[in-house]
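Q: Here is how the chains run, residue by residue.
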Amino acid sequence: MSDQVVEVAGLRVFVGGRALVDGVSFGLGPGEVVALVGASGSGKTTTGLALLGEVPAGAEVSGRVRVKGRAGFVPQHPGAVLNPVRRVGSVLRELAPVADVERAVDVARFPRSLLGRYPHQLSGGQQQRLVLAQALLCDPAVVVADEPTTGLDRGTRDEVVAEFARLAGRGVALVVLSHDMDVVRALADHVVVLRAGKVIESGRAAEVLLNPKHPYTRALLVEPVRSAAESEHGAERLRIEGLTAHHGRNVVLDDVSFAVSAGECLAVMGRSGSGKTTLARCVVGLHPPTAGTVALDGRPLARTLRSRDRADLAAIQYVFQDARASFDHRRPVLDQVARTAALLRGMSTADSVAAAIAALAEVRVDESTARRRPATLSGGELHRAALARALLAQPRVLVCDEITTGLDAVTRASVLKGLAALRETHGVTLVVITHDHAVADHLADRVVTLHEGRVTAGAPRTRSETP
Amino acid sequence: MTLGRYTCRRLLLGSVQVLAVLVAVFLLVEALPGDAAVALAGDNPDPARVAAIRSAMGLENPAAQRFATWLGGLLSGDLGSSLVSDRPVTEFIAAGLPTTLLLAGVTLLLLVPSSVLLGVFVARRAGGRVDRVVTAATIGLHAVPEFALAIVLVALFGVELGWLPPTALGADPLADPAVLVLPVLVLLARPLCAVTRLVRAAMVDALASDYVRHARRLGLTRARVDYAHALPNALAPAVQQLARTTDWLLGGVIVVEAVFVLPGLGTSLVDAVAGRDMPVVQGLAVLFGVTTVLVNLAADIIAFRLAPRAGSAA
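Chains as they are written, first to last, in this note's numbering: chain L, 1 to 467; chain E, 1 to 314.
Here chain E stands alone, though its shape is the one from the complex:
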């Protein structure tokens, strides 16, 4: 199977997955016990408010018709309006998205080269002292949860040493990039460990293979053999892990946003859930679901190019 045909098939599957996500998100509201309006109105429902919610959500119409209306709105970019503030849901997303994109972008920009280079670096010294030190350090760091690392870094660099701002409260990350250093470090720590270990393991296998030994015989330089011959074979598992990491980052990492007071998508989601603001929750769920599908679609296509044999067996 060629890359083009695989991509078409995978795109088709991806659109089915997106449709499934949309149905699931819609059913979220349907699954609420009793009438959604009653559940959303709070502990002491005011009949007027219940009626208002009911008409705002169009609950008097049959489910299929509501789904069609909702889907039509989605396609034209209308995600509905908040029940709490009556602002369009797109505004909530627009408010949180830049921060989340900035954090995710900077983190990925640092993560990809550093983890691949570190993985290759230790794989070339597999079994040596450097390898053992890095392996121990990556396993140790991977075991530290984000919130713990965030608190330790804030206490050390933000409070004790005073080198970096402990929170981004009120700051504009673009005007004052120093506020991003600690959050990005926290976001980087565990993915860096995971991807480095995957690249190292796959690279050790690739370096021991017959084709790498043969490439050395042909007189290619060591760097060429390692980076142009062994590395492409070692990247497939790392690509899948990077897809998971990207998905995690784009979903807004609430722990990091909360500790550093960064208003990203994670914060929007938590606020919407706390306020029982169902249209906002739905809008964000659609965004996260579609992101997951797209990121994994991209990863699968890259992985297919990195393992062309897999396609011919299918």
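Chain L on its own, in the form it takes in the complex:
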């Protein structure tokens, strides 16, 4: 056992008497890959960070964590760990000589031409690859990857998985924290299943994944069920015509047109950087288009958020990709969710809080959790709270940007079911921005594919089609 790179024995992390991690043990040698899987809030990230020597403020830690050599980290939300005022290339060159930097960015498939940019000028996928390049530069003995494929399209995800596999092949131990069972299957030698900080099942990947003993593991492995919503679509709800948008001089959207009916679900797919998010931002008014119109129920909407009235604001709601960044970290989550009802539906404070509690309960966030500040909630919990916040406005169109990334299979299934129900009962139109074919297959009636700002495919999808 002495050749092990990582050894974790009986790790316990308590914050204020609440167990985040309760007796986790595992070890791995050079080139081995262990996957920590579990629902959001199960203690995966806390365990992963413990390998880097980081524990939450005020936590009591017991047990043993030993890492031979350096530990690199690829975090879940790469956008938050990149310095907003530094050009990305200059930060990399601080870590290593230019030749090493160029090799690392090539290995991580980060385009060299983007090294002079600021982080906010990169797409989510590009940020992810940049953070991977940073981790590789430090010559780590073990890399902890927290949801490494979050926000990546299928092609890029496969590349990243292949890169991690090559990394392991070179003798770097890998700890993958993931909900994405495809990634776990492709990479992991060992799987540790966590629930509420406890290990409920662990063993060789093949055994755990093929023959799970614990019912919770089986639930995690289940693919989400396709919504049964075979609804008759109503009148045209949202029409995009000739939409063109720029970021600076770059054309991000080029003459995009499509229409979505009431109760219909449209998936907008495309690789990272294809303009999916900008399209969504134009629809809700966060990004003023250069040309073209967005019409709701036949009436053109103002180009920017500020010039739309309250009813229009409520009618189109947006669920952001980075849920944590969409909350004010100083105020309790419940207050922020309730604010939607107060602002957009004119409810009193007491009524809005009651409505918020009900909406949060529907997405399985209980009241005591919601009364805390965002920092103490897990990524998945915040994702669900963000969804509840959008639904509270009773929107006619819900725009979801990579809504299921960062959700485990169990939560994802329930969110998808919730969205399907929403379409049936309220005739809400869904526009789902996603790279995840599974989501598009399960939820969408139609798929629009963007490539470099143009619509390349927009054929209606029949239910029998398989990916």
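FYI, nobody ran anything at the bench for these hints, they're computed from the structure.
Heads up, some of the hints might be wrong.
[As the list claims (entries may be wrong)] Label pairs and their in silico Cβ distance ranges:
hint : chain 1 : residue 1 : chain 2 : residue 2 : range
1    : L       : Gly23     : E       : Gln240    : 18 to 26 Å
2    : E       : Ile151    : L       : Asp328    : 40 to 48 Å
3    : L       : Ser90     : E       : Cys8      : 23 to 31 Å
4    : L       : His426    : E       : Val23     : 53 to 61 Å
5    : E       : Glu30     : L       : Glu452    : 58 to 66 Å
6    : L       : Ser257    : E       : Glu30     : 55 to 63 Å
7    : L       : Ser257    : E       : Gly72     : 52 to 60 Å
8    : E       : Ala20     : L       : His451    : 37 to 45 Å
[Unchecked claim] To give an idea of the interface, some chain E residues facing chain L are shown, with a C-beta separation under 7 Å as derived from the structure:
hint : residue
9    : Leu156
10   : Glu160
11   : Leu161
12   : Gly162
13   : Ala208
14   : Tyr211
15   : Arg217
16   : His229
17   : Asn233
[What the hints assert, rightly or not] Partner residues aside, some chain E positions facing chain L, computed with beta carbon under 10 Å:
hint : residue
18   : Arg5
19   : Arg9
20   : Asp210
21   : Ala215
22   : Arg222
23   : Pro232
24   : Ala307
Model, not experiment: these values are computed from the prediction.
Cβ atoms here follow ideal geometry from the backbone N, Cα and C, with glycine treated the same way.
With chain L held as given, fit chain E onto it using these hints.
A: For chain E alone, coordinates are given in the frame of chain L:
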């Protein structure tokens, strides 16, 4: 939006602001009750003097024509002549400017590094004893007005201990730098407190951010993380405050000039107002107004570089 485009837009706005300042300064004279010449001639107007002022200021011409003449003069560097001594206004400015520039320059040269370093120093020890002592001291010192601090320093170091000259009366500051020590200390005190507190607050936020935590994970040294990663994010509010301070210093801080008998621009302005010497007042007002616009223009451009995201949201 790129830095270049932002700068162009900001320069355009700056020139509009300068034009507005010029119009406002010109209207100062127009706003005087009745005829400006009568108002300027004093309590017992001598008709000959009123007529002289009237023709000196060209008051018999229409306002638009006078404005055009005045503006043309400004562009060629001619700010008119004093009504009291008939010397060109530029001479008044030339007399006060070196002292003001020297005081402002020395003060800023000391202020910027000391306040930033002190802010970072206490932010790295946030919540500790050093932090609390410095915070209490900066709040206390900031509460002391310039004239009070000046009088206390003069009484202590100039009169009681005799270490430093109490005034700069008759001395050449360049030949005898000791006369500058007390005025610079007084000018430094409050801006130092303000900027230090701003840097400290922003630095505490930056040090708690995810990107700083991640930079530490990457194995960068603590000094590098603090100064190259956290500090650039913490400087934006301090830059705006420094712009206000620079503007204040370049306007000639009259209280300090009066206590230490330093003939700067503040003294020129007070003398001109007391003597109802309107062209000099106008000339100085134009100088101060343009300085304010330029200093804030520079600060905005620096702040834009320090917060590149703000541009893309606009």
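Q: Would you mind marking each hint as holding or not holding in the structure?
A: How the hints compare with the structure:
1. Gly23(L) to Gln240(E): 18 to 26 Å: 52 Å, violated
2. Ile151(E) to Asp328(L): 40 to 48 Å: 47 Å, holds
3. Ser90(L) to Cys8(E): 23 to 31 Å: 25 Å, holds
4. His426(L) to Val23(E): 53 to 61 Å: With Cβ atoms ~58 Å apart, the hint holds.
5. Glu30(E) to Glu452(L): 58 to 66 Å: At roughly 60 Å between Cβ atoms, Glu452(L) and Glu30(E) fall inside 58 to 66 Å, so the hint holds.
6. Ser257(L) to Glu30(E): 55 to 63 Å: Given range 55 to 63 Å: holds, Cβ gap about 58 Å.
7. Ser257(L) to Gly72(E): 52 to 60 Å: Holds: the Cβ-Cβ distance is about 57 Å, inside 52 to 60 Å.
8. Ala20(E) to His451(L): 37 to 45 Å: Violated: the Cβ-Cβ distance is about 49 Å, outside 37 to 45 Å.
9. Leu156: 43 Å, violated
10. Glu160: Given a least distance of 48 Å, the restraint on Glu160(E) is violated.
11. Leu161: Interface hint status for Leu161(E): violated (46 Å vs cutoff 7 Å).
12. Gly162: This hint is violated: Gly162(E) lies away from chain L, its Cβ roughly 49 Å from the closest one there, beyond 7 Å.
13. Ala208: 10 Å, violated
14. Tyr211: Status holds, d = 4 Å.
15. Arg217: 5 Å, holds
16. His229: Since the shortest Cβ distance to chain L is 5 Å, the answer is holds.
17. Asn233: 5 Å, holds
18. Arg5: Constraint on Arg5(E) satisfied, holds at 8 Å.
19. Arg9: With a minimum Cβ separation of about 14 Å from chain L (threshold 10 Å), the hint on Arg9(E) is violated.
20. Asp210: 4 Å, holds
21. Ala215: 7 Å, holds
22. Arg222: Violated. Min distance 14 Å.
23. Pro232: 5 Å, holds
24. Ala307: 7 Å, holds
Checked against the numbered hints listed earlier, the structure breaks hints 1, 8, 9, 10, 11, 12, 13, 19, 22; every other hint is satisfied.
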